[in-house]
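Construct all of the structure, not just a fragment, from the sequences and the given hints.
All the letters of the sequence shown, read from the start, carry residue numbers -21 to -1, 1 to 539 under mature numbering (1 follows the signal peptide of the UniProt record, and there is no 0).
Watch out, some of these pointers could steer you wrong.
Below, in silico cross-link-like pairs of lysine to aspartate or glutamate (DMTMM-like), each with a Cα-Cα straight-line distance of 25 Å or less [what the hints assert, rightly or not]:
{"id": "1", "residue 1": "K62", "residue 2": "D469"}
{"id": "2", "residue 1": "K282", "residue 2": "E456"}
{"id": "3", "residue 1": "K482", "residue 2": "D470"}
Everything labelled a hint here was simulated from the structure, so no lab data went into it.
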Amino acid sequence: MQRRKLFAVALAGVLASGGLAACGDSPNEGNKKAGSGATFLTVGMPNGPQTENHNPFLTTSAGASLGYRWMIYEPLMMWNPVKPAEPSRPWLATGAEWTPDFKKATITVRDNAKWSDGKPVTGDDVAYTFGLIKKNEALNQAATPYGDITASGNTVTVTFTSSMFVYKDKWLGQTPIVPKHIWEGIKDPTTDPNKTPVGSGPYTLKSFTPQTTTLTVRADGYWQDLPQVKELRYTSYTDNNAQTTALSDGSNEWSFVFIPNYKTVFIDKDPAHYKVWAPPVLGIHGLYINTTKAPFDNVALRKAMSMVVNREDIFNQAEAGYFHPLVTSVTGLPSPAGDAFVAPEYKGKTQAVDVEGAKKVLADAGFKLEGTTLKDPSGKPVKITLTDPSGWSDYQTSLEIVKSNFAQIGIAATVDKANQDAWFRNVEEGKFDATFRWTNGGATPYDIYQTIMDGKLLKKIGVASPGGNFGRFNSPEATAALAAYANAGDDAARTTALNTIQKIFVEQVPMIPVGADNIGMAYSTKNWVGWPDDTNPYSAGQPTQANALDVVLHLKPANS
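Right, here's the structure in full:
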């Protein structure tokens, strides 16, 4: 799942406004003056100036970057990644039945939904959406193994060439359904910006600027009760600091952003209303290494690099001791979410900084440390560029720590503060040395390892692979083990496959695991209540996730 995008865009004075008065009212001034309660919600992400693109399939679109695509387009089912083992709830579909081998799904599309242009949502629309993804590899980011897709009335039947056991909830819960009568006229769905979006969700596009996108609630035709939030105002801030400032001064009410010293900087500004909720999920963050580039194609070098990374420093200094909880298991699995999945041979085995051990691994592999310079077996100095978007303050601090760590074994590292859009393109196309990034998350460790090692996602350098395997790790054994896990007929077979996957991860080091993922939010209850939290974790909190619509539908004015 695309979950971070922690950059920011906002000039200290550009605020989410669908028309800020020149007199200097804050973006929430209208809510303050509304006698009958709040009417609009301000949402923010630190993702930099946006280019108008409302294509719901593209992870690089403004709609995905800020999250508003899920207010316009809807999934068939609502899946809660905070409680991934719970059954998904009916949404645009009233239900989905699977065969025992999870190679066939029969979906019943609800008969009371309408597109925002008034036309009915039908089984043909759902079948068309899946067919569109199947025909366009660039849209099939999860490499979903589509077989036959048919529709009869409001019943859609989809077959698959392999088991969907590990994908089923995310497939139903994170695939935006689009109207056939609109999209069949789009020449290239992989690039079209979709500037006049028509969806089944409760909101339509009102206005767009590089800084602010405003959605307004539909007048009628939505299949369930309309949200009480009449308008959504999304602002993209230039960096984490700008986003945090907006949260702290009340001009922004909902975001997913890293906040150093979050209690002092944010919560203490209004303890009664300002909140942070960071529920962990079974996903991780770490340093992806481009395994196609020499000398990083040498596993000994990757092992040594992992041995010197100081994960505790990154957790305490870069992640403020809360945002990405420390991952200590050599398997990369976070605790406690992943404890039950750790292979017997790796239980109790944890990561620890071992500079001398790393030097021995390198020496045994033919590397030479000459003074402060490490030279590879061919005699060339080992240099590496560490890259992440300039506005992601926690990742930038992490890279500086890693740079210092690598210097201990003679690796000369430089830190590149990249442009967000260029970074996404370069990482997806394999044009990097090393970068901090997240993995997908799910109900099992499969999603973590699949993001890092799946050969089904392997592309040539220069060809985008948005679904994963950014480091171009090429291991037929890992790919086979991942497939065996996904297609296993029982738990014993899955355990055997997962143990193999972990062994490859530990021994080949395709990525250096550092921290666990969370799918939370920073938010305010001053104007709106009904947010998910530890007492009622009905949804993920991150505003860029498909669950964001469920959150908005739960909100009520605080003084109503």
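To see whether the hints hold, each was checked on the structure:
no.: 1; hint: K62 - D469; result: holds (22 Å)
no.: 2; hint: K282 - E456; result: holds (19 Å)
no.: 3; hint: K482 - D470; result: holds (18 Å)
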